[in-house]
Amino acid sequence: MSFLINNFFALTASGLVLGAVYGLIALGYTLVYGVLRLINFAHSEVWMWGSFAAVWSMTAVGATSGRGIGATAAFLLLALVAAMLVSGGIALTVERVAYRRLRRLNAPPLIALISAIGASFVLSEIIGLRDRIAGWFGLDSALAKYVGGARDNTRFPNPLETSTAFSVGDYNVTNIDILVLVSAIVMMVTLDQFIRRSRLGRGIRAVAQDSESAALMGVNKDRVVQITFFLGGIMAGAASLLYLMRIGVTKYNAGFLLGVKAFTAAVLGGIGNVRGALLGGFVLGLAENYGSALIGTQWKDVVAFLLLVVILLFRPTGLLGESLGRSRA
Amino acid sequence: MSTPAEAPSPSAPVGGRTQPARTSRFGGLGARTAALPRPVKIVLMLLFGLFLYLLPLLNPPYITPSGSDFGAVLFTVATYVLVALGLNVVLGYAGLLDLGYVGFYAVGAYTVAVGGSLHGKLPFLLLLPLAALIAMFSGLLLGAPTLRVRGDYLAIVTLGFGEIIRLTAINLKWLGANAGISNVPRPPSVELFNLPHLTWNGAVATVDLGDTTTFLKFGVLDQIPYYWLALTLVFIIIAADKALQNSRVGRAWEATREDEDAAELMGVPTFKFKLLAFMIGAFVGGLSGALFATKQAFINPQSFLLLLSILFLSAVVVGGAGNRKGVIVGAIVVSFLPELFRPFADFRVLVFGILLVLLANFRPQGLWPASRSVRAKQVDETLGELEGGAARA
Amino acid sequence: MRPIIKLGVPLVAAALALTACGGTSGGTAAAGSTSGGSSKTCDLKIGFFGALTGDAANLGQNIQNGVKLAVDQYNAKNADCKVAVQPYDSQGDPAVAPGLAKSAIDNKSVVGIVGPAFSGESKAADPLFNEAGLVTITPSATNPALSTNGWKTFFRVLGNDASQGPAAAKYISDTLKASKVAVVDDASEYGKGLADIVKSSLGAKVTTTDTVQTGQTDFSPTVTKIKSSGVTAVFYGGYYAEAGLLKKQMTDAGVTATLVVGDGVKDDGFIKAAGDKAAEGTIMTCPCLPADKAGGTFFADYKAAYNAEPATYSAEGFDAAKVMLDGISEGKTSRADLLAYVASYDKPGVTKTLKFDAKGEPSQVTIWAYKVTGAKIVPDQEIK
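In order, the protein sequences belong to chains A, B and C. Position one of the first sequence corresponds to residue 1169 (this note's numbering), numbered consecutively onward. Position one of the second sequence corresponds to residue 10 (this note's numbering), numbered consecutively onward. Position one of the third sequence corresponds to residue 6 (this note's numbering), numbered consecutively onward.
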């Protein structure tokens, strides 16, 4: 207990940074659930592919730290665009391959979940076996920089070196902490405004509220669903870059646990609720850190899972309530 | 809105379009078998059962895996079948998606290991039912509060449950932590006689008297007696499953699955029946876990990864949720094929993922879809006749 | 389906007809394997039991390369009577280990096993090997409890965690002169076991402890704990993936304490995960000789064969296989003879003088400290 009080700021700050990443990934779950009432189990792999896109784009241009502020910004922008595009593209692919046919058939959600689980396996194993797959084409040595150590951690050549921005008590707030927090909040606000104000956003809300009526009113449901997946994907892509800047490595199966946590965050905030996702992420990040401090670090994941179970039992609609459709203020 | 009842309903009108060609082929085989006189049928079934018991001694070519021991592989297959039968009650009959089934499996295994080795010296024959009962009780504890939440939420809650069980086992010294538990008690042996194995050389078989299995010696080396034990339990569970499906309980599940609201209105306490299904599933899961622990003699948390839940689930879904024969086939496919194709081990999860996607999209009812029950068909026919009659009038 | 059934019936009939002569053929097969070392028996196999696919495949491949090198060298000298390596890919999973062990035991040409590679699968498979009298030499399973089960077929060619732990503690208190130490483990059997030994050896110097989980990527509560405790050395018991991330996050947070780790972290993966700068100065203890100090021409031979430097436990795999191959070349070609031969073995290997005590532990254990210098793991000193 005294440990928690003495290090309250440190635990809070690192919890918020982690929570911001959870929140960004949670957006993908929330958007898809809001529109389709489906848990997109493959969303964690969408995130994972984005993280590899960020790593590979930096490897390709030979990014290193300490090249001056202009070069650093250019590198980071490139990594961000690469991660967002790849994540968005993978999200669209998942929608096309794993969901579209089932949606047309109006299949039960359980079947869609199983299809998504399958897609999730395929996506993570392709990365985990990328050396072998490159070997089929005789490219494994040519691409060794990209495909080597396929089942091991892959390091992100971070163009931005960690440095202390300012200290609060014992805790050094780093430039990366600030960058992660600020970008996450900015992205979240942008997305929220997009859904509230833009034409496409109105379409998304219409389909979320009542897809049949929306279709009758001339909303192209397929288009809306694709946009929803794409938006969730690019948010996951952004999250993957922020995650890499903070943690530094990614792996073929790194998405799974993070995905479960992000889903927990989405449910915590109220699934289908865009603002709830960020709030849920923060609450989860803090709960994990405070919980670790109180009962031991080894129970960190258990705290997250227990929180999920408790929330689902006592407030299944989450902290802010569900429904993307009603998100108009 | 997705109510659990909607989920794997075999009669799902659009997603589950029945495959006429397929059903009729199976139907044809079924009809031919059904046409046989009853004594012949019984003899055939007994022969088939005997064949299954003798399988690890016969070592038939083509299906005997090269990399691993056939007895051990068959044991694994038998436990998967057992698990699939249990999960089928939850998923196929009651329509509840359980992503943390491995949790019950772990509870069963740990009951045997903790009670028989780490903190007690209870005999296996007492621990086996105890493991199943404790697993069932944990099913009650988990199910009572959670079965009221929505179907897809239930999936995530159970997923969390499975992970909590594993993480607790890792971090609690009382449960042996990550080091696991050795010297799990074995079933009592009754050594009666030796049975020789067959050895195949191309198409010629020889009886290998140097390689024998002692009938009912639950030892360290020979895995075959454990397979026999598991197979026996499979037969018992199949019989119980049949009886249950044809009872009032089975009808209540069917009604709940077909239309939960209508069932509730007709006075079926759907929540109670869902909870019962959940508990029965946990019971069978615990039983399989106990079997695994005793055969293995050593367990650690690594054996209860989430991947196992997914594999169990796939067994049921691949075979066809709701159909007893289907899930047995599914369990065999999921557990046996990887052993047969060990050289491609690296790619099995990938291939498996592709299969899941294809299956969900093109055969959402599984390889062997559950046929709608006679009652449901009769209702449909009656409705059809009534409508037809009305049109003519 | 049907053609197979139709074929199957005559085959079973043939099988039954052949019962009589089958008995004799089974008899000769059994006799062949127990005939002892008087006549030269060829086409024997040495099994390698460990993860060759899956997440731990790297370690398994490293060991298998060492085993293969030893066997290839043997075969080059004995072209008329070769020995083969039979892989048993456990994927590191204890659940499949007994089935594989049984399969190895049933293969009468397998006279010895290098492995099982990990402690978990050892616990599941070794009882079977012990029952069957098939000798096993593990090149990498370091759990101290493995040798206390009374398994007469258990041997290992490297020091266990009980010898490595005190050495790490000695390095921390003597060389680093640390008076306040944090000990962190990953709750794994290996990591926790090692960390517990370090804790008890350091005694009151340990002021902070924490446990993380394998697969964890964010260690902020742990880092906060370490930082606020003001320790000057941190011991981490676990594997390189988590150790690398922990070290990076410690450095990012401004922790300057020296990180000391066990052999599970001695892998380039640690430097990859931590980053070159953060990894610098990390101390790694290992009951393994520096590659260039390994005896004979092993280092050069390995490089020539695989175009890579020997990795963790390659030399141990080589040694384990060498012990068995020496036995085979002396005509100890039955399982019982080879087991007896291994138990009384006493010759220099590439990693150390190979001699086993009654429990199967190596009688000579050397612990080396390595240090990350210039983004490379280089030998620092032997801890005596």
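In short, the hints are calculated from the structure, not lab data. Hints are not guaranteed to be accurate.
[Said to hold, decoys possible] Partial chain A-side listing against chain C, Cβ under 8 Å, derived: (1) S1170; (2) F1171; (3) T1180; (4) S1309; (5) K1313; (6) V1336; (7) D1338; (8) T1342; (9) N1343; (10) N1388; (11) V1417; (12) N1457; (13) Q1466.
[To be verified] Cross-link-like lysine-lysine pairs, in silico, BS3-like; alpha carbons within 27 Å at most: (14) K113(C) with K1313(A); (15) K364(C) with K157(C); (16) K204(C) with K130(B); (17) K389(C) with K226(B); (18) K308(C) with K182(C); (19) K185(C) with K1313(A); (20) K381(C) with K352(C); (21) K182(B) with K182(C); (22) K282(C) with K185(C); (23) K182(B) with K82(C); (24) K73(C) with K308(C); (25) K376(C) with K1313(A); (26) K381(C) with K226(B); (27) K1313(A) with K87(C).
For every residue, glycine included, the Cβ atom is placed at its ideal position computed from N, Cα and C.
Under the constraints set out in the numbered hints, which ones does this structure not fulfil? 1, 3, 4, 5, 6, 9, 10, 14, 16, 17, 18, 19, 20, 21, 23, 26 and 27
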